[in-house]
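In order, the protein sequences belong to chains Y, A and F. Whatever position you read off the first sequence (first residue = 1), add 11 for the numbering used here. Whatever position you read off the second sequence (first residue = 1), add 20 for the numbering used here. Whatever position you read off the third sequence (first residue = 1), add 19 for the numbering used here.
Note that these hints are calculated values from the structure, not bench results. Idealized CB from N, CA, C, for every residue including glycine.
Quick list of simulated restraints, FRET-style, between CB atoms: (1) F/231 to A/154: 36 to 46 Å; (2) F/336 to A/148: 31 to 41 Å; (3) Y/318 to F/154: 46 to 56 Å; (4) Y/162 to F/270: 27 to 37 Å; (5) F/25 to Y/162: 23 to 33 Å.
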Amino acid sequence: MSDPILAVEDLRVAFDTRDGLVQAVDGVTWSVAPGRTLGIVGESGSGKTVAATTAMGLVRGARVRTSGRVLLEGEDLLAASPERLRRVRGATIAMVFQDPLSALHPLMRVGAQIAEALRSHRSGMSAADARARAIELLEHVAIPNARQRVDAYPHELSGGMRQRAMIAMALANEPRVLIADEPTTALDVTVQRQILALLRRLRDELGMAMVLITHDLGVVAETADDVAVMYAGRIVEQAPAAELFAAPQHPYTWGLLRSMPRLDAPAGAELVPIPGRPPSLVHPPSGCRFHPRCPYVRERHRSVDPALEPLAGTPEHRVACLLSEAERRAIWARLAQGAPR
Amino acid sequence: MSGGAAGPAPLAAVERLVKRFPITRGVMFRRRLGEVPAVDDVTLEVLEGEALGIVGETGSGKSTLARIMLNLLEPTSGVVRWRGEDVTHARGARLAELRRARQLVFQDPAGSLNPRKTIGAAVADPFAIHGLLSERGARSRRVAELLELVGLDAALANRYPHELSGGMRQRVGIARAIALRPELLVADEPVSALDVSIQAQILMLLRRLRDELGLTLVLIAHDLAVVRHMCERVAVMHDGRLVEVAPVDELFRAPRADYTRELLASVPRIPGPAPGGPPGPPGPPAQSSSSST
Amino acid sequence: MAAYVLRRVLWGVVLLALVSLLTFVVFYVLPSADPAQLRAGRNANPATLAQIRASLGLDRPLTAQYWTFLTHIVLHADLGYSYYSGASVGSLIVDRLPATISLTLGAAVVWVLAAVPLGVVSAARRGTWVDKLTTGGALLGISAPVYWLGLLALYLFADDIGRFPLFPGAGSYVPLTDDPWKWFTSLILPWLVLASTFTAVYARLLRGNMIEVLSEDYVTTARAKGLSERRVVWNHGLRAAVTPLVTLAGLDIGLLLGGAVLTEAVFGIPGIGRLNYEAIVHADYPVIQGTVLLAACFVIVANIVVDVAYAYLDPRVRER
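Chain Y with its partners taken away, still in its complex shape (with noise of 0.2 Å):
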């Protein structure tokens, strides 16, 4: 694939709390490239919403400590003075946050917000260009009138417009990447069909590259052409999106798929729930830290961690496993038909 245009690399964030430290992101590494999506799945805890938060220089304070690097276009912005993220933010790396209510704010109007966005990035820009602007963009995500919807209040419009409002504000300033965190997940699946179809769209106009963090293994499998899984701070399996669901490697991996429900599963088809529950940030399972909840857990993995290794045949493809890849293919090949386990 051609350059990255951002990258990840090592970045560990942890979080000073009364309960002690919280490593919420634990030496995670990835890179995306221009017209390409990276899809982070993982559940709640997981450390993909902070991963990428820290990458857009959002998390700061006194009871952070963050280490790593966060390249963009070669620059790293956890170094950067917070007046130089701040002129990158919104206008070189955008982003859009899950629930679009709550998310933009209450009483302004739409069009002033992503005017604002605009004016903040343009010195020369006029209000009535800017205005003019927002019209334009609100257009272009698909916004029936939006003429008068440019003076709308957030709390007016529909969920499925107020994302698109909010996509609109994120692209005003036509950045090269989009970090979309849970862009649809407070929306209906027939608007969220329309919105990842417009997301699609323009990321490939803008040739952006995107990072979309979901919990969801369908909305990734149709939009992502990289996939990271992420469990307890960390990535556990690596793989382009197509050979991540053709092979799966992580018994974290497997067990997601076994336990969504599906539309090609035989009706009433049993779900196989992970057991157990996610670890917890402060005193992490030792060893592998997957290792509780795995059917497959053997004596070694209580202390062992496994690091994120590329697999023999395909090295684009990589499993924080201590199994062997002999014996995840063939557990996966039994899982395939039909096994229990």
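Start from chain Y and add chains A and F according to the hints.
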């Protein structure tokens, strides 16, 4: 459109149910702009022992319908039936009886539990309300039984909701709902607020309880895939109207309504093999709903 | 909207009628001084007393007195005459009102200009010395009684008795039209003293609201857009946090316009508060009635204004 075959009388039913909410505008001087029909002429039956799914998007009226079915809301017009009897305006003792027989599991496990009451008190609430099991120790024994039934450690009875995870709280909600051995259990989006890996645990728990306790289950969801795994019959709602009702296989294989087709087409597909295989003989697989969540 | 305001105004009139009735009852039914006695002075003989009573109309039945009062207000806009001085209540009020308005509005400006930056900065720099200082100062401001602060201020800064003579002392108030500079300087200490309690309360309130608002999602979005931190805090944060304060300020100003008794007393400002107090001491019922009605009027209007303003500030309230 009615749902259900001829045969034994349905356990519960609604006939030509309508519920309208007024829309008002203005600060302190509210003028009525009009009305929204949240439920618009719905007729639906729930057969005894079945698992019925009600699917729809936001604003489809599915939650409103369920609440009217349980006498938690009064309909604008129409009839609510229980075992053939008209219970639309049931009151007093009759209503209390009906409440014992029909229970609801809520979507939000945090919001539906009183943060100031222990788990044990929450689960014992139904007994307290209906004045049952007042002999010393009987309630706490039953609470312990119920907690274990839903896969929780009985010792959790002394904890508070905030000490439990979302999945555990939802189990408590279920324990409370089945405390009085209801005949009908309505679960309103029981897993939407939960993490993916916990959703399967709760869904399989509901299935198991249904089998063990002989419950009739009405599952309300926005996720078609969930009802595919859980229900035998599915009703699809859109804008307050019942669009289609069919046995699950038929609905997914050959949907008749355009809206149903649109819904099906919108669900993103996961490629690769669909694990689970054909439904095998009963018996728990290696990983089943565990007790530690 | 017009219909809404009209309805509120009509209800306001009803409320005023109730207030006047209540005042009437309180004055005449509860034990209090006899105005005729006070007017006549000590050692008045009964004949004089009776004569004074008759002239004031105090010997007529209560209902008749009240009826006369009501008809006079409604038909002639006449609030009656002071038992004590004989002057028309209306003129007394008009004389004293500018002083109270000057005091109140000036203090309001001071407390808003002080509370907003204090509240915003202590929220944005939570936990730092700035925050601790403002919180401590706020505690002081809230707990110190206003008359004590007033006397302290005079003791320290009044140019006649103060240790560091800086400002005119008590009793130096002159109307704006007479001498603007003197008017202004004579009000500086009263403004600061009256504003101090309010500043403290509002700064703390704003701080609390701001802390909550700054942790909301839309503030994160604003930062993600690349807005300067200043814009994020002042335009996005403050705008959302300030609405409850605006309504509160409206109500407080409405109350104060009815007379800030203690401040006026300490600084010798001839305002409505002082008028009311003196009238009570002299059992001067018509004046009491007049000032109470005036205060009630201000409160009612303030409530209406505040409700309308809230809908204007927070569009979500307009529809359901």
